[in-house]
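Same order as they appear, the protein sequences are chains U and Z.
Each position in the first sequence, counted from 1, maps to that position plus 134 in the working numbering.
Each position in the second sequence, counted from 1, maps to that position plus 457 in the working numbering.
Because the hints were derived from the structure by calculation, they are not lab data.
Mixed in with the good hints there might be a few duds.
Pulled from the structure, derived: some chain U residues nowhere near chain Z, Cβ distances all over 10 Å [stated by the list, open to error]:
(1) Lys205
(2) Ala264
(3) Asn289
(4) Lys316
(5) Asp396
Only part of the chain U face toward chain Z is listed, based on derived beta-carbon distances under 10 Å [said to hold, decoys possible]:
(6) Asn231
(7) Thr404
(8) Ala407
Even glycine gets a Cβ: it sits at the ideal position worked out from N, Cα and C.
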Amino acid sequence: MAEKLYTRDAYGKALVELGKQNPDIVVLDCDLSGSTRTAMFAKEFPDRFFNFGVAEQNMMATAAGLASCGKTVFASTFAIFASGRAWDQVRNSICTNNFNVKIVATHGGLTVGPDGCSHHAIEDIALMRAIPANMTIIVPCDAEETTQAIFAAANTPGPMYIRLGRPKVLTITGKKEFKIGKSYTLREGNDVAIIACGIMVEQALAAALKLQEDGIQARVINMHTIRPVDSEVIIKAAEETKGIVVCEEHIKTGGLGSAVDDAVTINKPTYVARVGIANRFGQSGESEELLQEYCLTVKDIVKACKQILG
Amino acid sequence: MKVSDETIKKLEDKARNLRKDVIAMLSAAGSGHPGGSLSSADIVSALYFNVLRHDPKNRKWPERDRFHLSKGHACPILYAALAESGYFPREELLKLRKLGSLLQGHPDRRTPGIEVASGSLGQGLSVGLGMSLAARIDKLNYRVYVLLGDGELQEGNIWEAAMAASHYKCDSLCAIVDYNGFQIDGKVSEVMNIEPLADKWKAFGWNVISIDGHNMKEILGGFDEAAKVKGKPTVIIAKTVKGKGVSFMEHVADFHGRAPTESETKQALKDLE
Chain U
135 MAEKLYTRDA YGKALVELGK QNPDIVVLDC DLSGSTRTAM FAKEFPDRFF NFGVAEQNMM
195 ATAAGLASCG KTVFASTFAI FASGRAWDQV RNSICTNNFN VKIVATHGGL TVGPDGCSHH
255 AIEDIALMRA IPANMTIIVP CDAEETTQAI FAAANTPGPM YIRLGRPKVL TITGKKEFKI
315 GKSYTLREGN DVAIIACGIM VEQALAAALK LQEDGIQARV INMHTIRPVD SEVIIKAAEE
375 TKGIVVCEEH IKTGGLGSAV DDAVTINKPT YVARVGIANR FGQSGESEEL LQEYCLTVKD
435 IVKACKQILG
Chain Z
458 MKVSDETIKK LEDKARNLRK DVIAMLSAAG SGHPGGSLSS ADIVSALYFN VLRHDPKNRK
518 WPERDRFHLS KGHACPILYA ALAESGYFPR EELLKLRKLG SLLQGHPDRR TPGIEVASGS
578 LGQGLSVGLG MSLAARIDKL NYRVYVLLGD GELQEGNIWE AAMAASHYKC DSLCAIVDYN
638 GFQIDGKVSE VMNIEPLADK WKAFGWNVIS IDGHNMKEIL GGFDEAAKVK GKPTVIIAKT
698 VKGKGVSFME HVADFHGRAP TESETKQALK DLE
């Protein structure tokens, strides 16, 4: 079995590399630099790293001030705080100005585990998608994709929200060329399409293998960019398969499921099933237990696909 | 600091004209915030026509001083100062708050001379902190001025920024509190008391200067002193009068966010002659 890696490690390493290339890269954190891995940048470039303590609102609005002076700012904390605690600062100080601030939020979703509900960001994508314009949203599925997403973010103007997880994950994407807004089709198939992001991509691939045992060919799409979403590939999937199953470690409303639904509703209505979190808060438990409890497993994806196929 | 009477007179005249512009703009717009614009007119006049190093013809000059209006609802006074400085034609002033206007109801970057949008209170001191940190990284010696409202100081974000600016010893950062004593629902002291204000800033590690915000000599003296302080940020607590200069608006909470009627406009402009 392939080695599992932390996406956060990939982030920290990418930041150090970017710091060497570009003197305008500035990194901010809120007392979580060890967990988010911005500490790696802080060690190399102490003059371009600022820790704000436990004060996320200040961090986001300060990021706007730095960006107004030409800096490319990476601001990190846990996803629950980055998206919720400082939402108004993100909207009004960063996004309305279209500033170059990259919010890299770690510990997204349920797989934060035992810390429980208060630390489970399961609505963060919805919060960021609700901002009326310009917030690019990326949810990488593995360490390699994270590295590429961070470099792409640094070289693309405007605000971004990049969601990383806590646990180690398998490398799935390999060295594919990463483009913001361009999904990867990891597996072809015309019976049903599974569109996933983040940790659910690995589950989606496993589900496709299970389905194959029953003679069902599932297409698997890694939709790493939630906004702007790859409508072309979604519409193609709607046209060429009998339905779409969207898988995300997020509530069913407002995230990737809604983005896919928006694309098909306008262009090519089809059956869109959602494997996501139903109207509930998180709770303590180990990651694997929580994925089972909240119906985010291979079994759940297989079931959703079979329901579409009747 | 020695300032000539001529300079004082010039800045006072400018302030009076800015006030007249504010009344005309709000009257034409039919909505907006006169009280806090009038209370900060002398401070804004001192900044734009004396203190700030800026060049309307070279807006991206990296060493320009930064001004950020954290109390964004007072933007009419800022727009008047920007027009007078030459950032955009004066005709634009009467388009305030209209669809498609350069001059939005709260500051926006589409307006030449506006560095960062504002309007959601409490964020501007952080924005100024970011500008100050950027100056440090770039080894530039520009200064950063942030105008805060008194009611705005009730926002927690302000104190997060105050703590951080002091922690990072941002001596290029100067905050000004337009302490006019009123907010939408009434007296600041009654809605949510912010006193003892100077002690609060001192406790957060700031250099504190208290002035009369309508005395031009004191205003200029405050900015001059602030620029000399090293190792800590400075806050200038400027005691002001809400609605200053217009008899029936002074000390009246209602004029925080109400435009003058036609007859009120006439009276206001008369008061300002």
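Checked hints:
A Cβ of chain Z approaches the Cβ of Lys205/U within 10 Å, the least distance being about 6 Å, so the stated non-interface status is violated. With a least CB separation of 16 Å from chain Z, Ala264/U remains clear of the 10 Å interface cut-off, as annotated. The claim that Asn289/U lies off the interface holds: its Cβ sits roughly 20 Å from the closest Cβ of chain Z, which is beyond the 10 Å cut-off. Annotated as non-interface, Lys316/U keeps its C-beta farther than 10 Å from every C-beta of chain Z; the closest such distance is 30 Å.
Listed as outside the interface, Asp396/U is consistent with that label: its C-beta sits roughly 27 Å from the nearest C-beta of chain Z, beyond the 10 Å cut-off. Contact between Asn231/U and chain Z, as hinted, is supported at the beta carbon level, the nearest pair being about 5 Å apart and thus within 10 Å. The beta carbon of Thr404/U is not positioned within 10 Å of any beta carbon in chain Z (closest approach about 39 Å), and the interface hint is therefore violated. Hint status for Ala407/U: violated, given a least beta-carbon distance of 38 Å to chain Z, over 10 Å.
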